[in-house]
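Visitor: Protein chains in written order, with my numbering: chain U, 293 to 602; chain Y, 4 to 304.
Keep in mind that a hint or two might mislead.
Below, a list of computed lysine-lysine pairs in the BS3-like style, where the Cα atoms sit at most 27 Å apart [claimed, not checked]:
#, chain 1, residue 1, chain 2, residue 2
1, U, K423, Y, K222
2, Y, K231, Y, K251
3, U, K425, Y, K123
4, U, K440, U, K423
5, Y, K251, U, K602
6, Y, K251, Y, K225
7, Y, K251, Y, K95
8, Y, K225, Y, K168
9, Y, K225, Y, K265
10, U, K425, Y, K222
11, U, K323, Y, K242
12, U, K569, U, K380
13, U, K354, Y, K231
14, Y, K212, Y, K222
15, U, K529, U, K323
16, U, K602, Y, K95
17, U, K423, U, K510
18, U, K423, U, K506
19, U, K323, Y, K212
20, Y, K265, Y, K242
21, Y, K212, U, K602
Derived by calculation from the structure, the hints in this document are not laboratory data.
One letter stands for each residue in the lines below.
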Amino acid sequence: MQRFVPAILLLFLCAPLAADDLPLVDPPPGKVLLVAQPHHDDHTTDYGLAGLVLRFVDDGYKAYYVRGSNDEKDGRHGYPRNDMINLKETYDAVRILGMEDHVINLNWRNNYETPYALNELREQLIFLVRKYKPDAVVGHNAWEHFQKNPGHRNLGWMYEEAYWLAGYRNVHPEHFEMGVEPHETYHHFGKARLDWGLGHRPNVIMEMTEDQIKIKEKAIHAHQNVYANPGGARATKANLAAEGLYLPDLENIDDDTTAGNMMIEWHMNWISRRWGKEANVKYGEDYYYMGEFYHLPGLDNFLAENVEAK
Amino acid sequence: MTRRIFAALALALVCSVAPLPAQIGETNNTVMVITSDASNYVLHAGGTVAKMIDDGMDGILIRIGNDEKDSWDLPPEETALRAKQESEAAAKILGINKVVSLGFRSSEFRDVPFTTMRDKLAYYIRVHKPRVLFIPNAHTQYDRNHDRYYGGRAAEDAWRAAAFKNYLPAMKDVNLSAHLTPEVYYFAPPVDPARRELESTETFVPQPKMLDISGTLDKKIKAAQALKTINHSLAMRLKQRLESTDRKLELLEQMDEASINKLIEERVRGLAQLSAKDTDLQAVEEFRYAGVEFRIPAAYR
């Protein structure tokens, strides 16, 4: 945590620099992390969130997962069973990550996200921010370009407003009848893929340890309904064989499901090393971070010079 | 010769995607500002608007939102009323002599039909026939206040729609003819990491433009300070945040009008310095600008 404040100051200085100058950040001081994504597996993909979640949990945070959609399209078992299996696997994964054993399931219909009543989705997120009072939130970076999945685009877009609007008493005052109070969150981490264009502009790296990488691998494994890919493994082996090549690590594995999972791990491992390299550490995840006074450009120097401990 | 052929082809391409706009006819020496919320245009365009008015233009402000959410402890109705009165006071300081408040509920723009908002804005553009428009930049990124996106999108299309006679045809019956505003400034908080990057040439994309506001900075500060309800809300939130994390800002320990005004002055000066970065100037506002170069190839200007 000691590294957090100087890292954020460094962030402003580094803004115009290239990606290879990205600063490391630690979790800010706090107790609650609220992770909101559209799908069952978004807390642990090869690209992200699990490393950040593990860092927060290791620092003593309670971390909650909000699953925006019912995930009925993801899997091979038909809508209802996909929903049930994916929810069960969400619980499996969040337990591995040390998150709270309570998945907040909004159940919007999967892949019908474009015609959602977006302000209604935003209201649900505002209510959850008021109820759980997160010190930090993490979601999808809504400014990513070429995002084909409207679930990511729309939930990320709504969460980006919800986390601060929740602090305003004139926003959904009816919530206060239910015993919650206004609560504004001051740390927002947005995740997206840089290889989908120039919209996602990561400005921080969250470092991961070797142990955290291993836990992230286990959490990825939990999503067998969508990640187990024996066909992919078989195809890779066949393609290699056609070229007279083979991968020794895959040769002695009979279970193609395991082989498929290994390839996901390799990819996750690769992208984690790739982002770690940007900050001169072994493993990392990249985020667009909106910090404590992000909404007050122009005041950051004044506040840095004049805010003092009580 | 090749350049002229290319220019003619480019013009034909531009014309093929939209009906021909009205010819620039009667244009008043007016700067029209369209803003989604009370503070956005003051903080990010106020100095430039004040300078244009100082130089002889008339100013008109169109407020899309009612700013009902942004107070510390007032109900929405009282907040909206004060925001209206304080917006009028701020506009007056900048030299703007007319303020129109459309009254859309702030932070709810997403639910307003796009054309409802656009057509109201297009109406005012046709009525006042401005030479210069200031609109929220809907193309900026990483501004977490989405009213600015929706308001900016409607304003940009209103600029375009107001120029074509087949939009809002009923207005012809009261002699409100099409009007093409020749110059448009897109304003936004300077948070977009890509805000100074060129995306294409000036013929196709509004270009980054940095303007010196040192001559009107004091006026801009006073205008920003006039938004008392919003400023009180900002100061209280800042103080609450600092107290909840065992910190303090000496300036806000005794919170009164003077201390809040000082905070706002620091904010406006800080913004001017931030936008002046990498320039030789001391106080700057930064825009995307569409002038005569936009959509007219160089050979035809």
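Visitor: Determine for every hint whether it applies to the structure shown.
Guide: Results of checking the hints against the structure:
Straight-line distance between C-alpha atoms of U/K423 and Y/K222 comes to about 43 Å, which puts the hinted pair past the 27 Å bound. At most 27 Å may separate the alpha-carbon atoms for a hinted pair to count; Y/K231 and Y/K251 meet this at roughly 22 Å. Between U/K425 and Y/K123 the alpha-carbon distance is near 39 Å, which puts this suggested pair outside the 27 Å criterion. For a cut-off of 27 Å, the pair hint linking U/K440 to U/K423 is broken: about 31 Å separates their Cα positions.
Our distance criterion of 27 Å between C-alpha atoms is met by Y/K251 and U/K602, whose separation comes to about 6 Å. For the given pair, Y/K251 sits about 25 Å from Y/K225 by alpha-carbon distance, which is consistent with the 27 Å threshold. For the hint linking Y/K251 to Y/K95, the alpha-carbon distance of about 34 Å lies beyond 27 Å, and the restraint is violated. Under the criterion of a C-alpha separation no larger than 27 Å, the hint pairing Y/K225 with Y/K168 is inconsistent with the structure, at around 40 Å.
Proposed proximity of Y/K225 and Y/K265 is supported: the alpha carbons are some 11 Å apart, at most 27 Å. For the proposed pair U/K425 and Y/K222, the alpha carbon gap of about 40 Å is over 27 Å, so the pair is violated. Note on U/K323 and Y/K242: the hinted pairing holds, with a Cα-Cα distance of about 21 Å set against a maximum of 27 Å. Restraint check for U/K569 and U/K380: the C-alpha separation of about 35 Å exceeds 27 Å, so the hint is violated.
Restraint check for U/K354 and Y/K231: the C-alpha separation of about 38 Å exceeds 27 Å, so the hint is violated. Taking the CA atoms of Y/K212 and Y/K222, the gap is about 21 Å. The hint holds against a cut of 27 Å. With a C-alpha separation of about 46 Å, the suggested pair U/K529 and U/K323 falls outside the 27 Å cut-off, and the hint is violated. The hinted pair formed by U/K602 and Y/K95 fails the criterion: a straight-line CA distance of about 40 Å is larger than 27 Å.
A C-alpha spacing of about 30 Å is found between U/K423 and U/K510, which places the hinted pair above 27 Å, so the restraint is violated. Of the supplied pair hints, the one linking U/K423 and U/K506 is violated, its CA atoms being roughly 32 Å apart against a limit of 27 Å. With a C-alpha separation of about 44 Å, the suggested pair U/K323 and Y/K212 falls outside the 27 Å cut-off, and the hint is violated. For the given pair, Y/K265 sits about 14 Å from Y/K242 by alpha-carbon distance, which is consistent with the 27 Å threshold.
As the CA atoms of Y/K212 and U/K602 are separated by approximately 43 Å, the hinted pair breaks the 27 Å bound.
Hint violations for this structure: numbers 1, 3, 4, 7, 8, 10, 12, 13, 15, 16, 17, 18, 19 and 21, all remaining hints satisfied.
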